[in-house]
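There are 2 protein chains.
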Amino acid sequence: MLILVGMGIHGYKGLSVEAIDAIKGASRVYIEAYTSPVMSKDIDTLRALRDDVVEVHRWFVEDGRRILDEARVGDVVLLSYGDPLIATTHIELLVRARSAGIACKVIHSSSIVTAALGECGLHVYKLGKVASVVVSNPIANTSTYYAIYSNLMQMNHTLLLLEYDKEHGYFLAVDSALMLLLDCEAREHMHVIDEDTFAVVASRVGMEDMSIVGGRIGSLLKYSKEHGFGEPPHTIIVTGSLHFTEVEALKVSATLLDEPIDNSKRVMRKAEIMLSNYIARAYGALSKAREYIMHAKGDDVNKANDMDMDDTIGRLKDMIDNAEYYLSDAERFAREHRYENAILALGYAEGLIDALRYLRDIDPWESKKGRAPQ
Amino acid sequence: MLILVGMGIHGYKGLSVEAIDAIKGASRVYIEAYTSPVMSKDIDTLRALRDDVVEVHRWFVEDGRRILDEARVGDVVLLSYGDPLIATTHIELLVRARSAGIACKVIHSSSIVTAALGECGLHVYKLGKVASVVVSNPIANTSTYYAIYSNLMQMNHTLLLLEYDKEHGYFLAVDSALMLLLDCEAREHMHVIDEDTFAVVASRVGMEDMSIVGGRIGSLLKYSKEHGFGEPPHTIIVTGSLHFTEVEALKVSATLLDEPIDNSKRVMRKAEIMLSNYIARAYGALSKAREYIMHAKGDDVNKANDMDMDDTIGRLKDMIDNAEYYLSDAERFAREHRYENAILALGYAEGLIDALRYLRDIDPWESKKGRAPQ
Chain A
0 MLILVGMGIH
10 GYKGLSVEAI
20 DAIKGASRVY
30 IEAYTSPVMS
40 KDIDTLRALR
50 DDVVEVHRWF
60 VEDGRRILDE
70 ARVGDVVLLS
80 YGDPLIATTH
90 IELLVRARSA
100 GIACKVIHSS
110 SIVTAALGEC
120 GLHVYKLGKV
130 ASVVVSNPIA
140 NTSTYYAIYS
150 NLMQMNHTLL
160 LLEYDKEHGY
170 FLAVDSALML
180 LLDCEAREHM
190 HVIDEDTFAV
200 VASRVGMEDM
210 SIVGGRIGSL
220 LKYSKEHGFG
230 EPPHTIIVTG
240 SLHFTEVEAL
250 KVSATLLDEP
260 IDNSKRVMRK
270 AEIMLSNYIA
280 RAYGALSKAR
290 EYIMHAKGDD
300 VNKANDMDMD
310 DTIGRLKDMI
320 DNAEYYLSDA
330 ERFAREHRYE
340 NAILALGYAE
350 GLIDALRYLR
360 DIDPWESKKG
370 RAPQ
Chain B
0 MLILVGMGIH
10 GYKGLSVEAI
20 DAIKGASRVY
30 IEAYTSPVMS
40 KDIDTLRALR
50 DDVVEVHRWF
60 VEDGRRILDE
70 ARVGDVVLLS
80 YGDPLIATTH
90 IELLVRARSA
100 GIACKVIHSS
110 SIVTAALGEC
120 GLHVYKLGKV
130 ASVVVSNPIA
140 NTSTYYAIYS
150 NLMQMNHTLL
160 LLEYDKEHGY
170 FLAVDSALML
180 LLDCEAREHM
190 HVIDEDTFAV
200 VASRVGMEDM
210 SIVGGRIGSL
220 LKYSKEHGFG
230 EPPHTIIVTG
240 SLHFTEVEAL
250 KVSATLLDEP
260 IDNSKRVMRK
270 AEIMLSNYIA
280 RAYGALSKAR
290 EYIMHAKGDD
300 VNKANDMDMD
310 DTIGRLKDMI
320 DNAEYYLSDA
330 ERFAREHRYE
340 NAILALGYAE
350 GLIDALRYLR
360 DIDPWESKKG
370 RAPQ
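As they're listed, the protein sequences go chains A and B.
Numbered per numbering that gives the first Met the number 0, the first sequence finishes at 373, counting up by one with no gaps.
Numbered per numbering that gives the first Met the number 0, the second sequence finishes at 373, counting up by one with no gaps.
What the hints contain is simulated information worked out from the structure, not anything from laboratory work.
Among the hints, erroneous ones may be present.
Identical copies carry no separate label here, and so any pair may be met within one copy or between two of them.
For lysine-lysine, the following BS3-like pairs were computed, each having C-alpha atoms within a straight-line distance of at most 27 Å [to be verified]:
| no. | residue 1 | residue 2 |
| --- | --- | --- |
| 1 | Lys250 | Lys287 |
| 2 | Lys221 | Lys316 |
| 3 | Lys287 | Lys316 |
| 4 | Lys125 | Lys250 |
| 5 | Lys104 | Lys125 |
| 6 | Lys104 | Lys269 |
| 7 | Lys12 | Lys221 |
| 8 | Lys104 | Lys250 |
| 9 | Lys250 | Lys224 |
| 10 | Lys224 | Lys125 |
Build out the structure end to end from the sequences listed, making use of the hints.
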């Protein structure tokens, strides 16, 4: 049997009765500390329980053949930090074992995903997609940046796991992770994250010397330089909108460098940005269009009293009145967060106003670049 | 000291060494089974360890005064299912204790949130916002419905916790939960969920008789009627897009009633629906507008050879040519997933086409209702 055992986040003493029984009774016990860190003192305590615990490397688990061969004839325990199935490597091993007809069992344990959130007093229902910050793959950080964006759009929190590379003794530092995210902002310009964004750094969650520090990213970077965040593991949470009970909880759970703010309010939908700029400009064009029509009518009436001309001016006026109705619809739709409808109504109004430009050579837009949807 | 102890999802044998020490050493041990179910056999086993374990009700923890008073002078353990800080009630108690200067400790444990996902072979990085299905509050289900929608838009999975009401002996059944979601669809019409949506039901995760069944909702409802999903707790996962390793994992981890499908492909953005309908219709209107202009020109040239009229027709043609450019822009923007720009360009084109209607009394739209953005 293959038994995946989670060590949880509390180290050796966090092992369950069931886990200890499995370790004692197994024909072979492996421990892997590359998907997430297992502290060396925990490995020492494990060796006191069983001196034949074998620490294994990434390639050994990824290859997996020896584990599976041994699990065919005996009970093989593979120990890892946290809840074992958080790591896709472990899911893959389990799938291979099950496909090969090998019995499997998973002893779940506490995970940083739920524990870090709870320790900060943040609600699990407000946790958006979990993401990670890595140095080894900048493209992955771009998708993390967009995960934060999407989560903030939904007003949710983003829990960020920081890259850990056991083989190179590498644990991505909090300040480097924050800088990597600011780099994404500098590249992507979506106003997702900047030095004023509020974030929480949860360090060594589940351990004796756990620490939680919250503040704007600028303050966290300064804090990092002056005090540091101590030993890993570290987790960063970019908070979304905060329920007042979450703010209260942060105040007693964390060292706060700044007052918590609602990051989700600082992020605007592309649609909102578009509407707030373009509707105002369209009203400007509308009023110029009206001036033109008033003027044209006066001129025309004095000059010719031409019925056809009168009719045309009346039609142009009717068209511009309609543009105004659609602009006020766009405003209402935007207030109701019906952004698609708002933009369609705005575009339609712009088209009607611009018909004047095509038919009468007048440009009611303040700036030349302004008329066209880009 | 206040010690919140998670029982995890494995029952009594899932308690950690640290948790058992805390229980043994505490001056008082409370267990609450109302935020999530703790099995009665686990409570019996706990009582074998300590016969003075007190089972408490919702109001007792929510009121919390007795727990806090006792925690001032002794070590009080509050035991609960899963990871304790998943429940906001526990976070609130912790905040009150910390505010009152009472020392606190949380012994985390496995949570259904991470365990259910992993047991189904689904990746934690693809988990979107967690939501719940309840009978007591239909409005809450509407926001759950929209959480599924947002998660599917991001191609993420939605883990659904089902309402549990200890006091009324009530555990929301899988089929009722699915029906409640289909009810939301019938009300909201956003094409989020229907009988063909693929979902996974994870039952009794962490227990000996765990079961995982995946299939389209219609098949799951049929399975529920014929076989049932057994004892609670149950969790439903509405999957988003599935990585091939997730599909492989589902095939060996679950009883599959249907082939897994990508639910996220079945959900369309409101913008996509709008664009796919409206662009085609706008092209129809455009071609009618062209016919009108061709005809008008022919007529006019034969009748009067009037320079002014020639000029006007030329201008109308120019306007309609521009409408066509904007429609092709809208198509391109939609292909590039730049939906806001696509809708703005579409609206603008509609406005230009409709200028003909205002100025020449012609309606190039196929249906009368069709012209206006709604």
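Hints and how they fare:
Taking CA atoms no more than 27 Å apart as the test, Lys250 paired with Lys287 passes in neither setting, with 53 Å inside one copy and 65 Å between copies. Within a single copy, Lys221 and Lys316 get their C-alpha atoms no closer than 60 Å, and across copies no closer than 62 Å, so neither meets the 27 Å cut-off. Taking the shortest alpha-carbon separations for Lys287 and Lys316, both the intra-copy value of 12 Å and the inter-copy value of 24 Å come in at or below 27 Å. With identical chains, the CA atoms of Lys125 and Lys250 are at most 27 Å apart within one copy only, with a shortest distance of 18 Å there and 31 Å across copies.
In this assembly of identical chains, Lys104 and Lys125 lie within 27 Å of each other by CA distance solely across copies; the values are 23 Å between and 31 Å within a copy. Taking the shortest alpha-carbon separations for Lys104 and Lys269, neither the intra-copy value of 47 Å nor the inter-copy value of 43 Å comes in at or below 27 Å. In this homomeric assembly, Lys12 and Lys221 never come within 27 Å of each other (Cα to Cα): the closest approach is 35 Å inside a single copy and 45 Å across copies. For the identical chains of this complex, Lys104 and Lys250 are inter-copy neighbours only, at 17 Å across copies versus 41 Å inside a copy, given an alpha-carbon limit of 27 Å.
With identical chains, the CA atoms of Lys250 and Lys224 are at most 27 Å apart within one copy only, with a shortest distance of 23 Å there and 49 Å across copies. Taking the shortest alpha-carbon separations for Lys224 and Lys125, neither the intra-copy value of 31 Å nor the inter-copy value of 34 Å comes in at or below 27 Å.
Going down the numbered hints, you'll see the structure goes against 1, 2, 6, 7, 10, while the others check out.
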